[in-house]
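A.B. asks: Below are the chains, spelled out letter by letter.
There are 2 protein chains.
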Amino acid sequence: MTVSMTTNKKVNKIAVVQTGGCSAVINSTLAGIVENAKASGLTIYGLLNGFEGLLNNKIIDLSVLTKEQIDKLRNTPAMFLGSSRMFLTKEIFKAIPQKLNELGIDALIMIGGNGTMYAAKVIHQSAVEQNIDLVVVGSPKTVDNDMFGIEYSPGFGSAAKYIAQLVRDISVDLESMKTFEQVRIIEVMGRSVGWLAAASMLAKRSEKGAPHLIYLPEHDFNEVEFVEDVKKVYEENGFVVAVIGEGIHDSEGNPVGSNPFADVKQASKIYGGASTYLASLISEKLNLKARAQDLTMAQRCFGALRSDIDEQKAYKIGFVTIEALKDNHDNEMICLADNNEDYYTIALEDVGGKEKKVPDDFYDAKNKQMTKDFKEWIMPIIGNFDDKYLSLSDMK
Amino acid sequence: MTVSMTTNKKVNKIAVVQTGGCSAVINSTLAGIVENAKASGLTIYGLLNGFEGLLNNKIIDLSVLTKEQIDKLRNTPAMFLGSSRMFLTKEIFKAIPQKLNELGIDALIMIGGNGTMYAAKVIHQSAVEQNIDLVVVGSPKTVDNDMFGIEYSPGFGSAAKYIAQLVRDISVDLESMKTFEQVRIIEVMGRSVGWLAAASMLAKRSEKGAPHLIYLPEHDFNEVEFVEDVKKVYEENGFVVAVIGEGIHDSEGNPVGSNPFADVKQASKIYGGASTYLASLISEKLNLKARAQDLTMAQRCFGALRSDIDEQKAYKIGFVTIEALKDNHDNEMICLADNNEDYYTIALEDVGGKEKKVPDDFYDAKNKQMTKDFKEWIMPIIGNFDDKYLSLSDMK
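Chains A and B, in that order, are what the protein sequence lines are. In this text, residue positions in the first sequence follow numbering that gives the first Met the number 0: the first is 0, and each later residue adds one. In this text, residue positions in the second sequence follow numbering that gives the first Met the number 0: the first is 0, and each later residue adds one.
Keep in mind that the hints were calculated from the coordinates and are not lab data. Among the hints, a few may not be true.
Each computed DSS-like pair below joins lysine-lysine, with the alpha-carbon atoms no more than 27 Å apart [said to hold, decoys possible]: (1) A:Lys177 - B:Lys93; (2) A:Lys12 - A:Lys37; (3) B:Lys207 - A:Lys71; (4) A:Lys89 - B:Lys177; (5) A:Lys371 - A:Lys207; (6) B:Lys387 - A:Lys71; (7) B:Lys177 - A:Lys57; (8) A:Lys177 - B:Lys98; (9) B:Lys37 - B:Lys71; (10) A:Lys37 - B:Lys387.
Please construct the entire structure, taking both the sequences and the accompanying hints into account.
C.D. replies: Structure, rendered in structure tokens:
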């Protein structure tokens with residue numbers, strides 16, 4: 000346990016916010032926080048829609064939640080408190096500690112990703128500059144798995160499992176239908192990192208099985224090579240499943256399928272259209288029937304197929320965050336130790352705004368496949384992912 | 000049990016085909032067929048990729064499947080035997096009975112939807128005309144639930160459950176993120192019938208909850224009214240989830256979002272884009288952030304979230320189809336009786352090419368909602384669909 004940053008401020012009243020995008024287990028973290036806060040005799044408030052709620056007095060007392068309600072909260076995907084779209088200006092960064100102070104709140108927990116940890120650091124700094132006693136700690140969360148300093152982020156395991164199952168079943172579907180349609184380009188979340196695209200490799204039912212090709216945003220995308228890759232797999236298999244991270248881009252950094260003449264208002268929509276563009280490209284160049292498929296918004300928040308491991312860790316992270324507050328930690332992100340009981344911490348400034356990419360030894364860039372090392376890394380996070388299906392090759 | 004159509008032909012060797020689109024339980028029907036055929040001492044062959052396999056000698060002996068393999072087959076979504084894209088010409092309809100006869104096959108089971116039942120009728124007729132002894136029976140299957148003469152089709156329950164869960168979790172996600180994005184238009188399968196769109200109503204967590212608006216292809220779609228509907232719900236709720244059947248069309252029958260100038264090659268792609276078109280329309284007319292979401296190809300074949308009721312019925316339908324063959328039925332579709340043990344039959348000509356639409360008393364066209372009658376109808380098909388989530392309103 001790192002004890003780099005502690006404080007002597009006594010914590011009684013705590014506020015918690017959820018920021019950024021949804022996950023299937025972010026409410027499990029909230030449940031862990033509420034449960035331990037209550038058990039520790041602390042008062043815990045939730046800010047509705049983040050700092051918008053704080054500044055507009057939309058705050059709820061979470062200490063009133065019953066045990067039954069806390070259990071329900073663990074089962075609820077997405078963000079119970081709601082997220083915020085508010086752009087944090089210099090003025091708002093100044094106002095946040097003031098407002099918390101007015102309300103008698105002495106600690107703030109921010110559940111979120113790298114951007115959230117950066118904001119947490121700035122809020123802490125702002126409190127210091129204003130001589131306001133405010134403890135600020137972060138609690139990690141992101142489906143993208145791009146957080147610095149931790150092995151994997153709560154939310155990632157559930158999203159990864161959902162994606163792997165969908166890619167597997169869509170692949171079995173396409174194989175059945177290959178006389179109709181030969182190529183499917185599946186687009187998954189992860190703007191600048193490919194962890195979720197990589198996770199689709201769990202869908203492989205044999206070494207050469209689908210998904211046949213995986214493209215990560217960490218590597219420059221080459222359209223000519225892509226068409227050749229698809230052609231080769233088609234000639235070998237009769238159908239092709241390719242998975243792309245939504246943020247793939249060419250060697251100059253231009254997103255694949257973007258329209259350079261699009262107006263700014265439309266930019267984000269077009270940015271997300273790589274699979275549609277690539278399906279058209281394949282239809283045109285190889286004369287195969289190709290379909291684009293984005294895996295829906297549910298990939299970040301599908302409650303029905305969560306990873307139990309992910310959910311339990313998310314809950315525990317919430318629980319130990321309160322322990323860390325009781326131990327006087329401040330200005331840090333609170334992480335779960337390997338034994339799943341204790342915690343360790345990382346200074347907010349060592350996390351905020353950074354990004355963890357998929358390392359090179361996890362990816363076979365020539366064959367567009369994840370390596371054995373990646374599989375060994377991901378299996379304990381996902382847990383059981385057995386192949387219970389029957390295919391023609393099993394009849395030999 | 001209707002016994003309208005029996006034969007004295009003795010059945011020994013049976014061939015089975017799977018046609019049309021995939022489902023999560025079509026292999027359960029195949030498993031039921033294989034298990035009972037084996038138990039009854041009959042030989043059962045599978046035609047790979049339908050009649051393409053028959054004409055190209057791609058046929059496998061399914062009698063060799065072990066009990067363990069049959070159980071695995073029940074757990075495998077999509078089509079184990081593969082579907083076919085072959086257009087059935089007059090010549091092919093003539094060749095099918097001839098080829099089956101050459102192989103000594105005396106009965107054909109076709110698993111599929113209304114179109115399959117029509118083809119089955121024509122094949123039967125062709126055999127009669129050629130004086131070939133061939134028993135032909137159909138086994139119902141379609142996720143769309145548009146089959147005539149049966150209460151619901153195997154495959155529908157699983158697809159409906161998947162859609163309901165996805166719409167629920169996407170709705171919870173959107174509610175969390177409503178300060179970012181306000182409207183989501185979810186497009187689900189069902190070209191000319193709205194059963195799957197209707198099933199999304201199970202996602203409602205309260206009477207006025209999401210999905211707020213459901214549009215069925217059975218009713219003419221009016222864009223002006225749609226914009227007004229969305230505006231009204233937004234003003235009441237702060238976010239809007241609308242579900243559309245992919246085949247919605249205006250009062251002149253033009254599909255919503257289609258481009259009348261598109262070339263024929265592109266037509267099907269454009270036809271499926273109603274949600275994209277409507278999301279743009281809402282952004283433009285109401286200045287809200289709206290996103291289109293199609294629910295992926297997995298909605299017709301997702302193995303991980305099947306309805307147990309659906310799977311068990313699909314298996315039983317396969318099982319009783321063999322009973323019906325042993326009872327000398329011919330030229331009929333074999334259906335499972337309400338007691339889940341016996342069967343009844345419908346003449347192929349009473350099913351083939353017909354279509355069962357969502358009846359008017361299941362839909363409140365004014366408020367774009369399904370009625371209580373529909374809910375009562377669908378609940379026993381889906382089974383348990385409890386609401387285990389916690390929302391802010393539960394804290395009152």
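A.B. asks: The structure should be examined with respect to each hint, and the outcome stated for every one.
C.D. replies: Verification of the hints:
At roughly 25 Å between alpha-carbon atoms, Lys177 (chain A) and Lys93 (chain B) fall within 27 Å of each other, so this suggested pair holds. At roughly 11 Å between alpha-carbon atoms, Lys12 (chain A) and Lys37 (chain A) fall within 27 Å of each other, so this suggested pair holds. Pair hint Lys207 (chain B) plus Lys71 (chain A) holds up; C-alpha atoms about 21 Å apart against a cutoff of 27 Å. Taking the CA atoms of Lys89 (chain A) and Lys177 (chain B), the gap is about 24 Å. The hint holds against a cut of 27 Å.
As the CA atoms of Lys371 (chain A) and Lys207 (chain A) are separated by approximately 14 Å, the hinted pair is consistent with the 27 Å bound. Taking the CA atoms of Lys387 (chain B) and Lys71 (chain A), the gap is near 6 Å; set against the 27 Å cutoff, the hint holds. The hinted pair formed by Lys177 (chain B) and Lys57 (chain A) meets the criterion: a straight-line CA distance of about 15 Å does not exceed 27 Å. The suggested pairing of Lys177 (chain A) with Lys98 (chain B) holds, with an alpha-carbon distance near 24 Å, which does not exceed 27 Å.
Taken as a hint, the Lys37 (chain B) and Lys71 (chain B) pair is honoured in the structure, with Cα atoms around 16 Å apart against an allowance of 27 Å. The suggested pairing of Lys37 (chain A) with Lys387 (chain B) holds, with an alpha-carbon distance near 22 Å, which does not exceed 27 Å.
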